[in-house]
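Student: Next come the chains, spelled out residue by residue.
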Amino acid sequence: MDVLNLAFVAAVLTSAAPVLYAALGGALCGRAGVFNIALEGQLLWGAFTAVAVSWWSGNPWLGVLAAVAATAVFSLVLAVGAVAFRADPIIVAVGMNLLALGLTGFVMREALGATGTFAPAGLPGLPDLDVLDGVPVLGPVLGRATVLVPLALVLAVVLSLWLARTSIGLRLRGVGEHPEAATSLGVPVTRYQMATVVVAGALCGLGGAQLSLGTVTAFTENMTAGRGWVAVAAVMLAVSRPLWVLGACLLFGAAEAWGFRLQGIGLPQQLTDAAPYLVTLVVLVLSRIRVRRRLRAADPVAAESAAHPETALHPEEPR
Amino acid sequence: MNSVHRRRRGRLPAVALAVLAGLTACADSDSGGGDGGDSAGSIIVITPNPVGGNNFLSLAIEGAERVAEERGLELEVYESTDPTSIQQNVEAAVREQPDIVIGLTFSLQDAFATVPVDNPDQQFLLVDGCPDPQPDNVTCAAFREHEATYLAGVEAGLLTETGRIGVVAALDTPFIRRWVDPFLAGAQSVNPAATSTPLFVGGDNPFGDPARGGAQAQVLADGGADQVLLAASGSNVGAFEVAAAGGFQAYGVDVNECASAPGQVVDNVTKNVDVALAESVTAILDGDTGGSQVYGLAEDGVGLTAFEDDVADSGCLIADRPDVIEQLEQIRQEIIDGTITVDDPAAG
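Chains X and H are the protein sequences, given in the same order.
Residues in the first sequence are numbered from 12 upward in steps of one, following our numbering.
Residues in the second sequence are numbered from 2 upward in steps of one, following our numbering.
Since the hints were made in silico from the structure, they are not lab data.
One thing to keep in mind: the hints can contain errors.
Stated by the list, open to error - Using C-beta positions, here's what the derived DEER-type ranges look like:
#1 X:A122 - H:D321: 48 to 56 Å
#2 H:T85 - X:A98: 26 to 34 Å
#3 X:L282 - H:G164: 22 to 30 Å
The structure displayed is predicted, hence computed values, not measured ones.
Glycine included, every Cβ here is placed at the ideal spot set by N, Cα and C.
Let the hints inform the model, and build the full structure from the sequences given.
Tutor: Pasting the structure below:
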């Protein structure tokens, strides 16, 4: 592979990593039966905390830890509101997203004395993986990234295995798929769901820290710029399966990186803006066609009624 | 004699001061009877954000201080913190009945579209923006940014080693293209083989997405561009990081940004907002109100850091190339004389 293609892979991984952390969090919540669309706000909160604590302490790793902790605490709003008190998770999440946007701007102004962008000279960022310099393939691909980028890929695999192979993973899936059955077997559903939401918050904290201390070393108001929503799209596209989430995030990252390169040869900016959404639509349509084909092959009648549920409800009506 | 009062106004103080202003206005009309006030006159400048570390706004305030000194005016600065306080500050300023209420940047466009209509006897000046429709008592000060961008392009054309230049801009709009198209035109005027790759940040937050700005800058660096103009506002942060890592040599916009990537920024397409503000105030006081006053190279309203007297201390790479500066001075004169015309991407 030539250098340009490796640079492309590097660009895909860097742009996918923050989205992947958020999407893995969203996927865990999805498996536990909590619809989490507060990813955008949590990413932003993580990005801000990481920069603020890195600036105050002078240590970027403390920034990362603080982002994980602060975002986990922030996610308690969803855990308590939507799980413990059974409020509508969509409404709670929308509130959280708005709160994060306003609060980060406000705290930045009051505590850091900056508006718009906070990127003072000497703001400590996460180190690049310089050790890989000179290593073929890995060097050009990961040499300019932080350790959080490969960690995100590893985490997707680990979470996938954890859900499939461990008893806690099994209980978590049970909680999401059939809460009554889980309760009857003595699994504390509410506790499982709340813990999952908080873990998802911690993952968003990692994603935010990668964005503001890894991808760049700066905080800008609303710098997540829709990445949390792309993560929500990835979760839905992947039906909450971690490995599929990984694939979806890489696909979005590739669409973005490829879009920038196409812009360079004259493609309009508006089209590259639409790239992740076009990809989502195409993949949804393709997967739907595949599902229908498979159903039809297995049982033509069931497939037909699955495709037209209204006729299935009234089978006696002539068509 | 003049004195400068600065007030930082958030929402609450703005309300309190507005009440105060109302009271003093009443007191004035009770005692004086008439709008004479003190003969020296006054101007009020309203900023969209706290002036703080914002170089563009500080430069504008410098211009206001200069003209206030020259004309013996009293100057007040109202610093806004958010859109609500902008509106309140404009209304509070009107109650003070200064000679001119001055607004900075397009953030004040909405307030300047409505408040002047209700106060037809008050003169307003909006610098670097213009409300649409423009009330009769609003004067706009605009810039011909494309002229200075062309000069930066000339610089890039002379300095490029790969023959490839680029731009990272926030959005693909006719106005923002003033930092895009003339950059290539200028480069090709001295280096016909030069090619330019413009990339637009776009997305959900084009003016504040440093990660996307950085990713695009990396694309340009990987593609071999060695002279890149950064016109993406808050998204520039990421692009300057690529420049600092040695990806390319950068050009800043509006103010001196050479410290953003020390040793890697060649020059800046500057907007001399102080000149524009001072000259427009003078023109309005002399009775030339309404319409738009446009500042280009000829009026010294736009330029390059290279042309400034203290270029040696600017931290910009161009300081080491007096030969290039000399050539640029020549081309600037040709643009002023009309020998060279720079196409305006935002025109029609």
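Student: Take the hints in turn and mark each one as holding or not.
Tutor: Now for the hints, and whether the structure bears them out:
1. X:A122 - H:D321: 48 to 56 Å: violated (40 Å)
2. H:T85 - X:A98: 26 to 34 Å: holds (30 Å)
3. X:L282 - H:G164: 22 to 30 Å: Hint holds: Cβ distance 27 Å, inside 22 to 30 Å.
Of the numbered hints listed earlier, the single one contradicted by the structure is hint 1.
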